[in-house]
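> The primary structure of each chain is shown beneath.
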Amino acid sequence: MIKFDNVSITIDNKQILKNISCTINNGDFIVIVGPNGAGKTTFFDMISGKQMPTSGSIFLDGIDITHLNEQHRAPLISRLFQNPQLNGIASMTVAQNLALSTYKGHTVSLLNGMEKFPTHITAQLDKLNLGSTKTLNTPMKDLSGGQRQLLAFIMATITPPRLFMLDEPTAALDPQSATKLLQFAIKFINEHTMTTLLITHDPELALVIGKKIWVLEDGHIIKQLDSREDTNLSAADLIGHIDYQKLME
Amino acid sequence: MNLYKEKIKMLFEWLIIQGIIERGLIFSITVMSIYITSRIIKFDDLSVEGSFGLGGALAALLLTNNIPSFIALPLVIIAGACAGLATGLLHTQLKLNNLISGIVVTTALFSINLKVAGSNMILNNKSTIFDFIPFTGNNTMKIVILLPLICALLLLIKWFLNTECGFLFTAVGDNPQMLTNLGKNPTLYIIGALMLGNALTAFAGALFVHYVGYFSIWSSVGILIIALAGLIIAETVGYGFGFSLLVGAILYQAIIAATFEFNVDPEWNKLITALLIILIIACKKHFALFTKRPS
Numbered sequence: 001m002i003k004f005d006n007v008s009i010t011i012d013n014k015q016i017l018k019n020i021s022c023t024i025n026n027g028d029f030i031v032i033v034g035p036n037g038a039g040k041t042t043f044f045d046m047i048s049g050k051q052m053p054t055s056g057s058i059f060l061d062g063i064d065i066t067h068l069n070e071q072h073r074a075p076l077i078s079r080l081f082q083n084p085q086l087n088g089i090a091s092m093t094v095a096q097n098l099a100l101s102t103y104k105g106h107t108v109s110l111l112n113g114m115e116k117f118p119t120h121i122t123a124q125l126d127k128l129n130l131g132s133t134k135t136l137n138t139p140m141k142d143l144s145g146g147q148r149q150l151l152a153f154i155m156a157t158i159t160p161p162r163l164f165m166l167d168e169p170t171a172a173l174d175p176q177s178a179t180k181l182l183q184f185a186i187k188f189i190n191e192h193t194m195t196t197l198l199i200t201h202d203p204e205l206a207l208v209i210g211k212k213i214w215v216l217e218d219g220h221i222i223k224q225l226d227s228r229e230d231t232n233l234s235a236a237d238l239i240g241h242i243d244y245q246k247l248m249e
Numbered sequence: 001m002n003l004y005k006e007k008i009k010m011l012f013e014w015l016i017i018q019g020i021i022e023r024g025l026i027f028s029i030t031v032m033s034i035y036i037t038s039r040i041i042k043f044d045d046l047s048v049e050g051s052f053g054l055g056g057a058l059a060a061l062l063l064t065n066n067i068p069s070f071i072a073l074p075l076v077i078i079a080g081a082c083a084g085l086a087t088g089l090l091h092t093q094l095k096l097n098n099l100i101s102g103i104v105v106t107t108a109l110f111s112i113n114l115k116v117a118g119s120n121m122i123l124n125n126k127s128t129i130f131d132f133i134p135f136t137g138n139n140t141m142k143i144v145i146l147l148p149l150i151c152a153l154l155l156l157i158k159w160f161l162n163t164e165c166g167f168l169f170t171a172v173g174d175n176p177q178m179l180t181n182l183g184k185n186p187t188l189y190i191i192g193a194l195m196l197g198n199a200l201t202a203f204a205g206a207l208f209v210h211y212v213g214y215f216s217i218w219s220s221v222g223i224l225i226i227a228l229a230g231l232i233i234a235e236t237v238g239y240g241f242g243f244s245l246l247v248g249a250i251l252y253q254a255i256i257a258a259t260f261e262f263n264v265d266p267e268w269n270k271l272i273t274a275l276l277i278i279l280i281i282a283c284k285k286h287f288a289l290f291t292k293r294p295s
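Which chain is which? The protein sequence lines are A and B, in order. Numbering follows my numbering, in which position 235 of the first sequence is assigned residue number 235; successive positions increment by one, without gaps. Numbering follows my numbering, in which position 274 of the second sequence is assigned residue number 274; successive positions increment by one, without gaps.
The hints are simulated quantities; they were obtained by calculation from the structure and are not laboratory data. Don't take every hint at face value.
[Claimed, not checked] Straight line, CA to CA, 20 angstroms or less: simulated EDC-like cross-link-like pairs of lysine to aspartate or glutamate:
| no. | chain 1 | residue 1 | chain 2 | residue 2 |
| --- | --- | --- | --- | --- |
| 1 | B | LYS158 | A | GLU115 |
| 2 | B | LYS95 | A | ASP12 |
| 3 | A | LYS50 | B | ASP174 |
| 4 | B | LYS95 | A | GLU70 |
| 5 | A | LYS104 | B | ASP174 |
| 6 | A | LYS212 | A | GLU168 |
| 7 | B | LYS42 | B | ASP131 |
| 8 | A | LYS104 | A | ASP126 |
| 9 | A | LYS141 | B | ASP174 |
| 10 | B | LYS9 | B | GLU261 |
| 11 | B | LYS115 | B | ASP174 |
| 12 | A | LYS50 | A | GLU168 |
| 13 | A | LYS104 | A | GLU70 |
| 14 | A | LYS223 | A | ASP28 |
| 15 | A | LYS116 | A | ASP126 |
[Claimed, not checked] Label-pair distances were calculated between CB atoms; the ranges are:
| no. | chain 1 | residue 1 | chain 2 | residue 2 | range |
| --- | --- | --- | --- | --- | --- |
| 16 | B | LYS285 | A | LEU86 | 26 to 36 angstroms |
| 17 | B | TYR239 | A | LYS134 | 10 to 20 angstroms |
| 18 | B | LEU94 | A | SER57 | 30 to 40 angstroms |
| 19 | B | ALA257 | A | ASN83 | 46 to 56 angstroms |
| 20 | B | PHE287 | A | HIS220 | 54 to 64 angstroms |
| 21 | A | LEU86 | B | SER127 | 52 to 62 angstroms |
| 22 | A | SER132 | B | PHE160 | 25 to 35 angstroms |
| 23 | A | ARG228 | B | LEU94 | 48 to 58 angstroms |
| 24 | B | TYR239 | A | THR179 | 35 to 45 angstroms |
We put the CB at the ideal spot given by N, CA and C, even for glycine.
With these hints in hand, go ahead and build the complete structure from the sequences.
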């Protein structure tokens, strides 16, 4: 369980997150929606330790981790960025990237870098058409955006994290690739009951996949909704009504 | 009489080729260093200019004080690593730009090198690593020591780059965020790679002093561009960290030696090197344009 107690973040004299108090329970799948500049990515940065809170406290299972830096929180948290470039090493092969992702939480040595290649995920890779010898020996930069995000998802979950954060993982993908990634991700997350936070701009997606939906606006969590309790939720409840007809006026 | 002349000519030609290979082998260590810093961790490290001189100055000082090479060379390597540490700390702790960090360290090392060995220091027939060659009395076959030494060094670094630690060196240059995601400290790996690069360059500087028998403060001027030229040539003949780095450094020395054949004043060497780099880069771009596949 992660608890945020009155947490605020100020960057360059501008308060980005304002007195946030909330709790993420084990096994939660929370979708976060909100307009640009609402503080969604800063919220993730704060959880991962990239941004330290200006005030307030963060507790993980009752232990204060407010001042634990990003490097030390990494073994507990995995994060998938919307930019595929940030999710792997472009110049290294797919196999090398997979081996690299197993170093999380371990001290590295002078063993061969491929020694810890995760052989247990080969079936998973095959299902996604990423398991052939040719693909494994392809530099990550030569994969399509969709393949890179799928691979990044596998890399982020090789060592099961306590909290998994997906920051608009489909933003840079075409609809087909985005659907493939989401189908795979949601199935995997549900099967492993992984505590997950997902940021999206798509209210329809949030309604379909989110058990809990948090609406972030101007640095505050203005709504905490539960789609299982409130079955009549609509996109307008999350992002307000958008009148596309006005475009033509 | 003609046969005698022919033999002298052949010997002369062999000595030129041998000299090219030997100098190429020594400078290939600097090419390896530049590869590690500029290609692996993507850090344009100008401090190699200073660390090459530092290696040379220390080697000259230690040899003239009768310190044996097997003690002197490790000390030189440690000193080079310290130069890399200084560059790394300036960049990571004081947030100085890559180039400025290198320039600051090189400038500081110029004074240190002058204090260590003066502007020139002659070894006066002190024992160098080339005196270990048992079957040549006049040190003419330095290649016998250099070739296995440099090949072993290259293979050692190649092995290291394929270890878990080496993978993280590659990763930090490409995507430092990935290291943080793995719970590793990117700063540590940036500094580590700079220490390795500068240790190698200092070692090259020391070997150069062992090879030519003297230290000159000016011998390190332009070493970065020489290494860069070697690296660019290496990248046209091969890919990645491998024997192409040796080939690149040797080919560069061959080009410079060819200019002597055409009686070009050695003072033009640096200009020739700069033009060579421009020419190769322009050719590569031109070639890439014509080989670009339609999307």
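> Work down the list of hints and note, for each, if the structure agrees.
Checked hints:
1. B:LYS158 x A:GLU115: Answer holds: B:LYS158 to A:GLU115 is near 16 angstroms, not above 20 angstroms.
2. B:LYS95 x A:ASP12: Given pair B:LYS95, A:ASP12 holds - Cα atoms ~19 angstroms apart, limit 20 angstroms.
3. A:LYS50 x B:ASP174: Holds, at about 19 angstroms.
4. B:LYS95 x A:GLU70: Cα-Cα ~19 angstroms, so holds.
5. A:LYS104 x B:ASP174: 18 angstroms, holds
6. A:LYS212 x A:GLU168: 17 angstroms, holds
7. B:LYS42 x B:ASP131: Violated, at roughly 38 angstroms.
8. A:LYS104 x A:ASP126: 23 angstroms, violated
9. A:LYS141 x B:ASP174: 11 angstroms, holds
10. B:LYS9 x B:GLU261: 14 angstroms, holds
11. B:LYS115 x B:ASP174: The hint is violated at about 39 angstroms.
12. A:LYS50 x A:GLU168: Answer holds: A:LYS50 to A:GLU168 is near 17 angstroms, not above 20 angstroms.
13. A:LYS104 x A:GLU70: Status holds; Cα separation ~13 angstroms.
14. A:LYS223 x A:ASP28: The hint holds at about 16 angstroms.
15. A:LYS116 x A:ASP126: 19 angstroms, holds
16. B:LYS285 x A:LEU86: 26 to 36 angstroms: This hint holds: roughly 29 angstroms between Cβ atoms.
17. B:TYR239 x A:LYS134: 10 to 20 angstroms: The hint (10 to 20 angstroms, Cβ to Cβ) holds, given that B:TYR239 and A:LYS134 are roughly 18 angstroms apart.
18. B:LEU94 x A:SER57: 30 to 40 angstroms: Given a distance of about 32 angstroms, which is inside 30 to 40 angstroms, the answer is holds.
19. B:ALA257 x A:ASN83: 46 to 56 angstroms: 48 angstroms, holds
20. B:PHE287 x A:HIS220: 54 to 64 angstroms: This hint holds: roughly 57 angstroms between Cβ atoms.
21. A:LEU86 x B:SER127: 52 to 62 angstroms: 54 angstroms, holds
22. A:SER132 x B:PHE160: 25 to 35 angstroms: 29 angstroms, holds
23. A:ARG228 x B:LEU94: 48 to 58 angstroms: Given range 48 to 58 angstroms: holds, Cβ gap about 53 angstroms.
24. B:TYR239 x A:THR179: 35 to 45 angstroms: 37 angstroms, holds
Checked against the numbered hints above, the structure breaks hints 7, 8, 11 and satisfies the rest.
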